[in-house]
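Undergrad: Residue strings, one per chain:
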Amino acid sequence: MNRSSNSTPEYVRWAVPLFTALLLILQPAANAQNTANLINSLSATQQRERIAAARELGQASESDRQQAFRALVDRFAVEDKAGVRIALLRSIVKLQSDPNIVVDVVTKAQKDGEATVREEAARSAGRAFIRGTPELADAIFPLVSSGSCDNLPVEADSEPASANHLLANIKHVLLTLELKNGMDQCVAKMVKSYLSRPPQSLELLGTLPNAKDKAAALLLALEIVDGCRSDPSTYPQCLACAKTFQMSIAGAGISDPGFLENSRHLNSAIDDIEATVTGRKIPRTIRRYVGLPIVVLPLLGMIALIILSALLIRRRERKVHALEIDTIKADFSRQLDELGHSAQLEAARSALKHFTPPPPALRRNNIEVAGRFHQGVGVHGDFFNWYTTNDGDTWLYLVDVEGRGFLAAITSTLIRHVLDSTLESAANADPQKVLTLVDRQFENYGTTRDLAATMNLLQVSTSNKTLQLANAGMPAPLMFRYGQAQPDPIQAAGVYVGSGYSHYKIEPALAKETIGIGDLIVAFSDGVIEARNSEGTPWGVGGLSSQVMRYRDAGVEEIATKIIAGVTDYSGTETAQDDQCVVVIRIGNNPERRREESAPTIDISWEGTGVNTQVGFTIVNSIDAVHEIRVSLQPTVLKWAQRVMWGGDIDRLRMGVFEAILNSLRHAAKMGDRVRVTFRTDNSTAVVELHQPSEWRDWDKSLGTERRAFVASVAELKPEMAEWGTLLMLWYSDSLEVLRQGRLIRMNFSQKWRKGEK
Amino acid sequence: MKPNFKVEPAVRQGVIEITASYPEFAMTDAGFDEPFRQQLVQSYEKLAKTQENPNCILTLKVEVAGSPVVKAIYELWKAVRARLGVLILADYPPDYVRALTDLGLPSLPGFELVSNTNEAREKMVTRRTGPET
Numbered sequence: 001m002n003r004s005s006n007s008t009p010e011y012v013r014w015a016v017p018l019f020t021a022l023l024l025i026l027q028p029a030a031n032a033q034n035t036a037n038l039i040n041s042l043s044a045t046q047q048r049e050r051i052a053a054a055r056e057l058g059q060a061s062e063s064d065r066q067q068a069f070r071a072l073v074d075r076f077a078v079e080d081k082a083g084v085r086i087a088l089l090r091s092i093v094k095l096q097s098d099p100n101i102v103v104d105v106v107t108k109a110q111k112d113g114e115a116t117v118r119e120e121a122a123r124s125a126g127r128a129f130i131r132g133t134p135e136l137a138d139a140i141f142p143l144v145s146s147g148s149c150d151n152l153p154v155e156a157d158s159e160p161a162s163a164n165h166l167l168a169n170i171k172h173v174l175l176t177l178e179l180k181n182g183m184d185q186c187v188a189k190m191v192k193s194y195l196s197r198p199p200q201s202l203e204l205l206g207t208l209p210n211a212k213d214k215a216a217a218l219l220l221a222l223e224i225v226d227g228c229r230s231d232p233s234t235y236p237q238c239l240a241c242a243k244t245f246q247m248s249i250a251g252a253g254i255s256d257p258g259f260l261e262n263s264r265h266l267n268s269a270i271d272d273i274e275a276t277v278t279g280r281k282i283p284r285t286i287r288r289y290v291g292l293p294i295v296v297l298p299l300l301g302m303i304a305l306i307i308l309s310a311l312l313i314r315r316r317e318r319k320v321h322a323l324e325i326d327t328i329k330a331d332f333s334r335q336l337d338e339l340g341h342s343a344q345l346e347a348a349r350s351a352l353k354h355f356t357p358p359p360p361a362l363r364r365n366n367i368e369v370a371g372r373f374h375q376g377v378g379v380h381g382d383f384f385n386w387y388t389t390n391d392g393d394t395w396l397y398l399v400d401v402e403g404r405g406f407l408a409a410i411t412s413t414l415i416r417h418v419l420d421s422t423l424e425s426a427a428n429a430d431p432q433k434v435l436t437l438v439d440r441q442f443e444n445y446g447t448t449r450d451l452a453a454t455m456n457l458l459q460v461s462t463s464n465k466t467l468q469l470a471n472a473g474m475p476a477p478l479m480f481r482y483g484q485a486q487p488d489p490i491q492a493a494g495v496y497v498g499s500g501y502s503h504y505k506i507e508p509a510l511a512k513e514t515i516g517i518g519d520l521i522v523a524f525s526d527g528v529i530e531a532r533n534s535e536g537t538p539w540g541v542g543g544l545s546s547q548v549m550r551y552r553d554a555g556v557e558e559i560a561t562k563i564i565a566g567v568t569d570y571s572g573t574e575t576a577q578d579d580q581c582v583v584v585i586r587i588g589n590n591p592e593r594r595r596e597e598s599a600p601t602i603d604i605s606w607e608g609t610g611v612n613t614q615v616g617f618t619i620v621n622s623i624d625a626v627h628e629i630r631v632s633l634q635p636t637v638l639k640w641a642q643r644v645m646w647g648g649d650i651d652r653l654r655m656g657v658f659e660a661i662l663n664s665l666r667h668a669a670k671m672g673d674r675v676r677v678t679f680r681t682d683n684s685t686a687v688v689e690l691h692q693p694s695e696w697r698d699w700d701k702s703l704g705t706e707r708r709a710f711v712a713s714v715a716e717l718k719p720e721m722a723e724w725g726t727l728l729m730l731w732y733s734d735s736l737e738v739l740r741q742g743r744l745i746r747m748n749f750s751q752k753w754r755k756g757e758k
Numbered sequence: 001m002k003p004n005f006k007v008e009p010a011v012r013q014g015v016i017e018i019t020a021s022y023p024e025f026a027m028t029d030a031g032f033d034e035p036f037r038q039q040l041v042q043s044y045e046k047l048a049k050t051q052e053n054p055n056c057i058l059t060l061k062v063e064v065a066g067s068p069v070v071k072a073i074y075e076l077w078k079a080v081r082a083r084l085g086v087l088i089l090a091d092y093p094p095d096y097v098r099a100l101t102d103l104g105l106p107s108l109p110g111f112e113l114v115s116n117t118n119e120a121r122e123k124m125v126t127r128r129t130g131p132e133t
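Residue numbers (my numbering), protein chains in the order written: chain A, 1 to 758; chain B, 1 to 133.
Honestly, I wouldn't trust all of these hints.
Pairs of lysine to aspartate or glutamate, DMTMM-like flavour, derived with a Cα cap of 25 Å [what the hints assert, rightly or not]:
1. A/K670 / B/D33
2. A/K639 / B/E34
3. A/K670 / B/E34
4. A/K670 / B/D91
Simulated from the structure, these hints should not be mistaken for laboratory data. All values derive from a computational prediction rather than experimental measurement.
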């Protein structure tokens, strides 16, 4: 057992490095005096002197000695060289007076050759020292009896064959003894060190149900079951034995908290193994490699997802940011363009205003002309002009230049110059020839077709009562003849000036119209009739005609103004998309003379004399018709009636005829149609006949036998009746006939008091 | 071309006054009758809802009147009578009163024909302000 005598030469061989190490270790720990002494003593070169210096360490002060001890322990913990470790252990044993502390230190000396030092330390402390399993197997009974297990553990791998011997002794101890004073822990420690693995462990586990000390057996069972987990092949057997033991302690009636806690641990361990065996749980060894990825992979996945999301968000933000920058750039560029365009448009407007100003209204005895211009959002180059020649003719042109902006303004200026100069040199030519010359002028300039323009050129001769028109692609002007309800377009045709007007002959190239006092001519650009309302419907010629008809009796300036106002109201915005240009021409200038001198709405003819006098009226259905009936027809009828009738009959005839004429104009004549009314006498009856162009289709319904019978039967008209005009015709006349399928209405008024016979 | 008639309702001293006008050629337009009639009645109804006095003065600022106008007046009279009010017609063109008379309107209860608006107002003052029964 004592092997220390064989290692004496080691001390000499390792003395120099040992004390060099001690010098380094102890230097910072010792106080100044002892350190100096120690250094002086250790600086000696003689081996014996160095050993003596080391021995003198034991006589140092208690404080220095404790510091030196702790330094030696720390140094021992990190030292690898076997000789130095043993030298350090010897010094530790020498320096430390408390044996228990020494044992604690030397317990860590588990390397080869260090068992001797441990044994020396244990024996110096008066403790048992077991070097291996054979010793332990023999020593277990005295150990358990002595109640001291301080020197365990022992060598772990010495002589495994002795494990069976140890197992037999432990089994014996368990079956015969109750382990007191912590010896259950001591035995558990032995089992863990030597018998934790099958087959010995399972054999021991099989013994445990019969153990005398149940608490100690439970500790051992926990150690053994825990040891089973490292080898899945033993699970079934381990599980069976553990369950048997579990059942054995179930009825033990032990209420010690420690025992109950250990029991729960065992139950849990058994459940764990059982779940593994039955496939409900992955074995721990496998879980170690599989469970980790199960937990870690989703975690990594989530982290990756978060990183990916962050990258995507960042990328999207960059895109949005880039888009915003692009938008800002585009806006800025557009604003620059708009500024440039606005400046260009403003320059174009100034040029147009300066070079193609609208002329003042023309007012002469036989003609009135006025125009209005409403500029569109861009400069489109519309303009008009007129002047009167020495022979009294009036020339007018209305031009719409192709394109927009500054180029259109320049083109307008150029075209106006060419038009004016051509008109001045070709005053005797007709409008078609003038436009031909203008087109040739453009060719001479060698211009491209970019300078093309549409235009109307009118020559109005009030002395000859004629109007001539040449039209190069403009909308046809409208002729509102006096006394005619609906306008007529003045048709002439031609391609654009500047695009071959002189070469392409389109008929009629020249329109010729007779004109009379009160006629109204309206020329306009396409921007007027092509203006659209919010629903996209254009104003059209219909809208223009209605507006002119409404204000046709007004002055030409007001008519022109009302046309522009009308198209603006219709489109619902002051901002026109295209230039709107209108010229209004009226032949004559005195409305009263106009009525007298022009073709009358009512033409009156007289025949015969006295009571046989006949009078006839031709009425043109127009907006002036009622006015003319009131101011012309009725006084004339009254004059005629006074010759042939008396008193109340006259008024009866007047009212009856008035309602009959209204009925005819409302239901049997279109605007512009003519209705002829004649008054004559037949014996003692005044006969009034209305010749109307359209059939009075429902005359029978209105004037049928039943209605007439009803009227004849009542003394007073009933307001509830439907056709009041028809009723009045029936009421006032003595008889009423409808002839020629409703085209001729004959009313008879008997003369109750013939004049001169009363 | 549609006649551009005007119907201007107002309340003066608690009395509903409607002034109507239309161009002469409205008499020859078959499309004039119904809109004019509706406008007269609706203008009255709108004001009558907020007035205690259901009486009404209708003034025609026109040159001519025919059976379409007479019928429109008759419809207005029916609306006024439905509220137990009185309709006074003023400024009806004199040359055409006979048709109005012959169609029986002046003899209707709660209908009066006067020469001008001032006369109508005077008549209205002498009347009770409440509904006529």
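Undergrad: Does each hint hold? Answer for all of them.
TA: Here is what the structure says about each hint:
Between A/K670 and B/D33 the CA atoms are separated by roughly 17 Å; this keeps the pair inside 25 Å, and the hint holds. A distance of roughly 35 Å separates the Cα atoms of A/K639 and B/E34; the hinted pair therefore is violated under the 25 Å criterion. Restraint check for A/K670 and B/E34: satisfied, since their Cα atoms lie roughly 19 Å apart, inside the 25 Å limit. For the hint pairing A/K670 with B/D91, the CA-to-CA distance comes to about 31 Å; that exceeds 25 Å, so the pair is violated.
Consistency note: the structure conflicts with the earlier hints numbered 2, 4.
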